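Quick note on the UniProt record's numbering: the sequence shown kicks off at 1 and runs consecutively.
Calculated from the structure, these hints are not laboratory results. These figures come from a predicted structure and were not determined experimentally. Among the clues, some could well be false.
Within a straight-line C-alpha distance of at most 30 Å, the following computed DSSO-like cross-link-like pairs (lysine-lysine) qualify [to be verified]:
1. Lys146 <-> Lys233
2. Lys119 <-> Lys109
3. Lys146 <-> Lys109
4. Lys146 <-> Lys119
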Amino acid sequence: MATPRSSDHLADATTGVPYWPQFPFTLDMPDSSSPHDGAARQIVDSFLVRFLSLTRRRIEIAQAQDGQYLRPSDPSYEQVLDSLAMVARHTPLPLLEALLRWRESESPKGAHDASTYQKKLAVECIFSSACIRFAEYCPQEGITEKLWNGLESFVFDWLINADRVVSQVDYPSLVDLRGLLLDHVAQLLGALSRIRFSSVTERFFIELNNRRVDTPVARSETLNIINGMRYLKLGVR
Numbered sequence: 001m002a003t004p005r006s007s008d009h010l011a012d013a014t015t016g017v018p019y020w021p022q023f024p025f026t027l028d029m030p031d032s033s034s035p036h037d038g039a040a041r042q043i044v045d046s047f048l049v050r051f052l053s054l055t056r057r058r059i060e061i062a063q064a065q066d067g068q069y070l071r072p073s074d075p076s077y078e079q080v081l082d083s084l085a086m087v088a089r090h091t092p093l094p095l096l097e098a099l100l101r102w103r104e105s106e107s108p109k110g111a112h113d114a115s116t117y118q119k120k121l122a123v124e125c126i127f128s129s130a131c132i133r134f135a136e137y138c139p140q141e142g143i144t145e146k147l148w149n150g151l152e153s154f155v156f157d158w159l160i161n162a163d164r165v166v167s168q169v170d171y172p173s174l175v176d177l178r179g180l181l182l183d184h185v186a187q188l189l190g191a192l193s194r195i196r197f198s199s200v201t202e203r204f205f206i207e208l209n210n211r212r213v214d215t216p217v218a219r220s221e222t223l224n225i226i227n228g229m230r231y232l233k234l235g236v237r
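Construct all of the structure, not just a fragment, from the sequences and the given hints.
In structure tokens, the structure reads:
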């Protein structure tokens, strides 16, 4: 059973349920009460019609092809991500809520076999690719500091725990898909660093400092964390 090791994560490792990285808190949105809120949700709902249809197809094909379908460029999906970028500029908060709800609803529950984990990884890959575009185009003031921190924690959680969550010994057929997800979360961290460089690098050094002990696990986690910084961007948007 995988045990969470991210320094900020509060998941219970004693329940007997295999660990799976989560967004670190539930995003509760207030009911829309103003015309502006209603219009924002209509924009997001319009985007979701295409997003839901296309992502469902991508997950199904990815399962049939062992995840390989998620690697090549898909013009239709790129168009959806372009639409996501426009929505992120203007209505970021309801968009992030919708993405989190989609992730929760599509990720299978219960079974812990290779087929289930394959779908869960496919969902995480799509969620991460959507969050990359979100982070690239969302105004810094578009969501709260708590939510930005949540995205950072989601990334570091996967960087630290991926080898344990999807073990090469237990799930050798999923190693490539796990690698694709790790590349996506590294890209997401790079996108976050454009506007949150200080926060991202501070978290990086905290996690490294927590792993100063010389053990195989600590060395492996340290290498994954360092590798996850390869898309780091120095700049102000």
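A quick look at each hint next to the structure:
1. The suggested pairing of Lys146 with Lys233 holds, with an alpha-carbon distance near 21 Å, which does not exceed 30 Å.
2. A C-alpha spacing of about 10 Å is found between Lys119 and Lys109, which places the hinted pair at or below 30 Å, so the restraint holds.
3. A distance of roughly 27 Å separates the Cα atoms of Lys146 and Lys109; the hinted pair therefore holds under the 30 Å criterion.
4. Taking the CA atoms of Lys146 and Lys119, the gap is near 28 Å; set against the 30 Å cutoff, the hint holds.
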